[in-house]
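Listed in order, the protein sequences are those of chains L and H. Using my numbering, you'd call the opening residue of the first sequence number 8 and step up by one each time. Using my numbering, you'd call the opening residue of the second sequence number 5 and step up by one each time.
The hints are simulated quantities; they were obtained by calculation from the structure and are not laboratory data. Don't take each hint at face value.
[What the hints assert, rightly or not] If you want the footprint, here are the derived chain H segments under chain L, 3+ residues with CB under 8 Å:
(1) 132-143
(2) 158-167
(3) 184-190
Ideal placement from N, C-alpha and C gives every residue a C-beta, glycine not left out.
Each chain is listed here by its residues.
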Amino acid sequence: MLGALLEQVVCGLEKIPEEITQEFVEQKKVIGGRSLRLDQIVKLLVAVTSLKPTFVCIDAMDECAIRDRAKILTSLSKIIQKSPTTRVFLTGRQHIRGEVETRLPGEVVAVSVSPWKDDIIHFIRKRLEEDPKPRRGGRKAGVGNCKEDSRNCLGDVCRVACLERPALSYSLIYIRPDFYQRL
Amino acid sequence: MLVLKYLWWLSHTNTGCSNKRGFGFTNSGCDDDWTVVQQGYPIVMRLAFLWFPANTRTSTADSLLYHVPRSESRMSQDLNFFTTTSRNSSSSNYTNSLNAGRSFNNTNCFNNSTTNNVSNHFTVTEDRSEILAWLSPLEPRLRHQNLEAGRVDKVGDSLLQTEQFRSWLDRNSQGDNQNATIFCHGQSGGWKDVYLVGDTAPKRRNADKDFVSNKFPLQFSSSRYPM
Numbered sequence: 008m009l010g011a012l013l014e015q016v017v018c019g020l021e022k023i024p025e026e027i028t029q030e031f032v033e034q035k036k037v038i039g040g041r042s043l044r045l046d047q048i049v050k051l052l053v054a055v056t057s058l059k060p061t062f063v064c065i066d067a068m069d070e071c072a073i074r075d076r077a078k079i080l081t082s083l084s085k086i087i088q089k090s091p092t093t094r095v096f097l098t099g100r101q102h103i104r105g106e107v108e109t110r111l112p113g114e115v116v117a118v119s120v121s122p123w124k125d126d127i128i129h130f131i132r133k134r135l136e137e138d139p140k141p142r143r144g145g146r147k148a149g150v151g152n153c154k155e156d157s158r159n160c161l162g163d164v165c166r167v168a169c170l171e172r173p174a175l176s177y178s179l180i181y182i183r184p185d186f187y188q189r190l
Numbered sequence: 005m006l007v008l009k010y011l012w013w014l015s016h017t018n019t020g021c022s023n024k025r026g027f028g029f030t031n032s033g034c035d036d037d038w039t040v041v042q043q044g045y046p047i048v049m050r051l052a053f054l055w056f057p058a059n060t061r062t063s064t065a066d067s068l069l070y071h072v073p074r075s076e077s078r079m080s081q082d083l084n085f086f087t088t089t090s091r092n093s094s095s096s097n098y099t100n101s102l103n104a105g106r107s108f109n110n111t112n113c114f115n116n117s118t119t120n121n122v123s124n125h126f127t128v129t130e131d132r133s134e135i136l137a138w139l140s141p142l143e144p145r146l147r148h149q150n151l152e153a154g155r156v157d158k159v160g161d162s163l164l165q166t167e168q169f170r171s172w173l174d175r176n177s178q179g180d181n182q183n184a185t186i187f188c189h190g191q192s193g194g195w196k197d198v199y200l201v202g203d204t205a206p207k208r209r210n211a212d213k214d215f216v217s218n219k220f221p222l223q224f225s226s227s228r229y230p231m
């Protein structure tokens with residue numbers, strides 16, 4: 008995964024840095040070629056992220072295997088320490104927060120993320136607008152005639168659906184039969 | 005024709021007029037012209053014969069020896085020049101492409117941007133893609149693009165307005181590691197990935213000075229891919 012990070016950082020540069028080309032030549036000399044080791048990837052990531060301020064965003068850290076997660080966090084720690092312009096954006100479940108705060112240097116900003124009510128309302132409205140088979144009154148309801156009390160109702164209805172499946176496919180949105188009557 | 009007339013007149017005056025009967029002809033009068041012509045003809049022909057080689061030497065031979073060969077030689081020279089040039093250029097292309105092909109053995113050549121051949125471009129591009137593929141065969145940007153395409157506008161913008169996010173984004177990056185990391189935690193299905201994709205919103209809207217002025221390459225990866 009860190010190799011994929013390195014590839015993306017390099018992809019954003021106009022020229023491939025000399026360190027990487029040298030490493031590529033060295034690794035090519037081995038019969039059949041050889042991929043980079045973790046320490047080499049970290050070293051190159053430090054070299055590359057020092058060129059430009061870089062944001063590293065990693066989603067679902069909690070879904071990593073524990074051993075891999077430790078390696079990743081340790082590598083990120085090295086990168087942050089040696090390249091101060093690099094910032095890291097991580098997401099994951101609550102139970103790995105302690106591990107993240109322990110392994111990464113400095114103070115880690117923790118934000119509890121849950122679907123904001125406004126986001127849910129906006130999302131439902133948008134999907135209703137795009138619904139190819141709108142129910143009776145559906146368009147009128149989705150466009151913006153909601154009152155404050157009906158917004159709450161809308162948020163509750165959709166929260167259930169969104170927690171069931173994180174995918175934002177509107178075919179998975181569960182809408183109560185009395186949804187439009189509440190609006 | 006003027007030259008022939010002049011030669012005829014010359015032979016006529018030299019032979020016919022001055023010593024008309026001196027040539028052994030007994031006829032006189034009306035035969036003079038014929039005699040002169042007959043006597044003058046070989047002279048004219050001789051002169052003409054002499055003239056033609058001279059003419060040949062000057063014009064035809066010149067054209068044959070100089071003009072044509074010269075033009076041929078020029079053509080050949082040009083051709084040689086062209087071929088050598090093209091050969092040189094092709095060889096230079098070839099060597100350049102070879103150099104570019106070997107450029108990874110010679111990093112100075114690789115970083116030299118003076119190579120402007122198309123073949124070099126292709127070579128460099130191919131080598132660039134080869135290096136990128138060597139760095140990682142994974143393509144997490146596809147997932148990023150899918151999430152971004154499925155994301156509804158303005159969803160996730162609430163995170164950008166939080167104090168924690170602003171403190172992380174506006175962190176003074178002068179060597180300290182404070183607030184270098186932000187960790188967004190939540191339950192499963194809590195739209196964390198959507199908020200992460202929504203993090204690119206300032207870049208798209210050009211609302212954030214840091215993203216725009218410094219052109220931060222916002223990188224993304226997902227641990228959901230095989231390690």
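Going back to the hint list, which numbers does this structure go against? Violated hints: none; all satisfied.
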